[in-house]
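Chemist: Line order of the protein sequences matches chains A and B. In this text, residue positions in the first sequence follow our numbering: the first is 3, and each later residue adds one. In this text, residue positions in the second sequence follow our numbering: the first is 411, and each later residue adds one.
No lab work stands behind these hints: they were computed from the structure. Predicted model, so just to flag it, every value in this text is computed and none were measured. Just so it is clear, CB atoms sit at the ideal spot from N, CA and C, and this is done for glycine as well.
Computed Cβ-Cβ distance ranges for the label pairs, DEER-style: (1) B:N553 / A:Q74: 35 to 43 Å; (2) A:G56 / B:H657: 44 to 52 Å; (3) A:D85 / B:N553: 36 to 44 Å; (4) A:A117 / B:A493: 41 to 49 Å; (5) B:K616 / A:P83: 19 to 27 Å; (6) A:R21 / B:A667: 54 to 62 Å.
Selected chain B positions facing chain A (Cβ under 8 Å, derived; list incomplete): (7) G467; (8) E471; (9) L472; (10) L477; (11) H654.
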Amino acid sequence: MHEMALMSEALRLAEESARAAGAARITALRLRIGALSSVVPEAMQFAWDVARRGTLAETAILQIEPVPAAAQCARCESEYPCDDFWTPCPRCGAVGGELVRGQELEIAAVEIEPAATPNQPCVRNADAV
Amino acid sequence: MCQECGCGLSGAGLGSGHGPATGPHAHAHDPAHAHEHDWVAASHAGAHEHHPGHTSGRLLELNRSLLEKNARLAERNRGFFRAKKLLVLNVMSAPGSGKTTFIRETARRLAGRLRPGVITGDLATDNDAAALRAAGIPVVQINTGTVCHLDAEMVARAAGQLDLDALEVLVIENVGNLVCPADYDLGEDLRVVLLSVTEGEDKPLKYPPLFHSAHVAVVTKSDLAAAAGFQRELALANLRRISHHAHIFEVSARTGAGMDAWVDYLEQQRAARGHAQGWL
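In isolation and in its complexed conformation, chain B is listed as follows (with noise of 0.2 Å):
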C-alpha cells in the first residue's frame, strides 16, 4: 500500500495499478501533498524506496522544453536573417505536393523585384537543388540522412554557404512530411504549407498541427482540379478551419494561375517588415 495517501495502490512496475500514462496516483491530491512518489515509487519492482525520508533517489525538476534548444537557435537565426534585411520562408508540405516547381516558379516571377535564394532540405540527392540551380538561383541542398525535418541548426549552417547579402528574400524548402516540421521553428517570418489539389480535402483535419502553425496556406497544382475531381469549397473550408489564422492562395506553378497574387503578397510583406523595422 501506498504509504503516503494509503491509495491502496502496490508498486510493481509501470503495468501494474499505478498505471503507465496518467501518472501513478491519477486520483486527486491535495497539491500541498504533491510529492515525488506519486509517478517513481511504483518503478523498479520494489528494487529500492523512493518514498521521502527514507529515500536513496532524489527528484529533479527540470521543466524545460524539449524544443527549447532549437528555440533559442531559431531565434538567433531569426536575429540574424532580420539584420541582413531578409524575408524568410519556411516551406512544407507532403511530398509530392509541388514544393520545388512552386520556389522555382516564384524565384521566375520575383526577378526585378527581390533577389531570392534558397536552402533545400531532403533526406537524400541533390535533385532539388539542381533544378533550381539550373534556374539560375542561388542554393544549398541540405541532406538530412535520416532526419525527418530541417532544423534551426541545420538552416544556420546552410544560411553561411548563401551570400545572403545578395539576397532579399530567403526560401527555405523543408523535408516533404506534414508531421515533424511542425515542431521546429527555423527562424523564419512566414510558414508557408502547400496542399495540392491530388492530395485530397481533408488532408489539413489529418494533420493539424502543421496545417495550425501556417501564416499561409497554398493550393497548389489548381490545373489539375477538375482531373482529380478536387472539391475545392471542401478543401478552402477544411484550411480556413484548421488555418484559420492563414492567408489562402490558390496556384498552379505550371500554367502561372494565381503567382501573381502570391509573389505581391510577398513583396508587400517584405515591405511591411522594413518600415516596421527601420531599414525600409
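Next up, chain A with everything else stripped away, as it sits in the complex (with noise of 0.2 Å):
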C-alpha cells in the first residue's frame, strides 16, 4: 500500500541525481527489492506507471531486482538462505537468526540520456553537486 510513497521516493532520488548529471531524460530505472521486504513487485510496477508521468522518467523502463533473503544463525555464526522470518539454521538448528539480507528497499541506478548539446552537461552540475 506504501509503494506509491516508495516509488515517489525512488523517482525523486533518480531525477535528484539525473538532473545533476545533466540528463534530458533517464531511460531506465533499477531498483532493488528483498524478498522479505514489507512490498509486493507487482504493486511496484503498479506505482511506477501513475508516477513516472511527468517526470524525467516517463519513458524509462523499471527494473525490480530481487533479493533472496539470509540469515546469519545467532549461536554458529553461519549464513543461510531463508524464504521467511523463522527458518532455523540448517547446521545447528538455532531459531532466532538475524537477517542479512532480504529487506531491501533501495534504488540501485538509473541510466540517463545526457542533454543534446554536447558541452552543456557534466562541468556546471558537477559543481553543484
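Got two chains here, each in a separate frame; can you build the complex from them with the hints?
Modeler: Given below as C-alpha cells:
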C-alpha cells in the first residue's frame, strides 16, 4: 500500500541524480527489493506506471532486482538462505537468526540520456553537487 | 545477440528473453565483466544502443535506500525526544485491535507515575483524539489523508504541537495497518504491536515484517478470549516465532487484567534509558 510513497521517493532520488548529471531524460531505473521486504513487486510496477508521469523517467523502463533473503545464525554464526523470518539454522538448528539480506528497498541505478548539447552537461552540474 | 557475452538474448523489451525480474542476463557473469548493459540493453525495443563504447546512455550507480530520507528524519526525532527525556512508543496494529482504548487505559494508569501525551494517526476523523482528550490526555491528531502509515516528518510536525517539556511518555498511535508502518521508523524507543484475541492466532505469520520488527507484542481484549475461541498457546507460539526479540504482554484494557505489568514495564524502560543516558 505504501508502494506509491516508495516509488515517489525512488523517482525523487533518480531525478535529483539525473539532473545533477545534466540528463535530458532517464531511460531506465533499477530497484533492488528484498524478498522479505514489505512491498510487492507487482504493486511497485503499478505505482511506477502512475508515478513516472511528468517526470524525467516518463519513458523509462523499470527493472526490479529481487534480493533473496539470508540470515545469520545467532549460535554458530553460519549464514543460510531463508524464505521467511523463522527458518532455523540448517547447520545447528538454532532459531532466531538475524536477517542479513532480504529487506532491501533501494534504488540501485539509473540510466540517463545526456542533454542534446554536448558541452552543456557535466562541468556545471559537477560543481552543483 | 548480446554483444558483450554472446548469450544469444536479443533485446526487445522487458517481457523478452532477458526477463523482467531477475535482470536481463540472469546467467552468471564474471564480476570483472559486470557492465551496464546487464539490465538496460534490452530496453526500448531497440530505440537506441546502450552498449559500452558506443552508447548514448550513461549509468549512474545510486545504491540508496528508499527509506533513507525517513530514517534521517527519524534519527533527528530520536535525538530530540531523547533530549526531552521522553520514552517514545510507536503503537501499531490492524484496524480495530483496540489501540485507542489500550492507550487511554495505559495513560490513565500512568497517572501519578509518568506524564503521557499522544500523537494519533488516522486517514480521517478526529474521533480517536476526541476519545483521548475526553480522558484528559494531551493529544494531537494527524490526518494522513490517503497515506497508509505515519512517517517521521508527520511525527515531527505533530510533536511540535505538544508541550513536550510537560511529558515523560509520548505514545504514537499509528494508522491501523499491519503492512506499511513496518518500514517507517518514527524515532521511537519501542515498537509496540497489538494483536487482539478476535483477530486469529496466525496474524503474526501473515504479517511477519511488522511483527518481526516489534520490541513489544501485546495480546489485547483478553476478556473476549473465550467468546472468540482464542487459542492462546498457539497465538503465543506464533508470536514467539516471529517476534523472537519481543516482550509479550496479555491484557484487557477494559477489565484492567495485565495492565499493571505493562505499565510497570514502561516505567522500568524509561528509568533504564534515563540511567543509561545520565538524566536520571
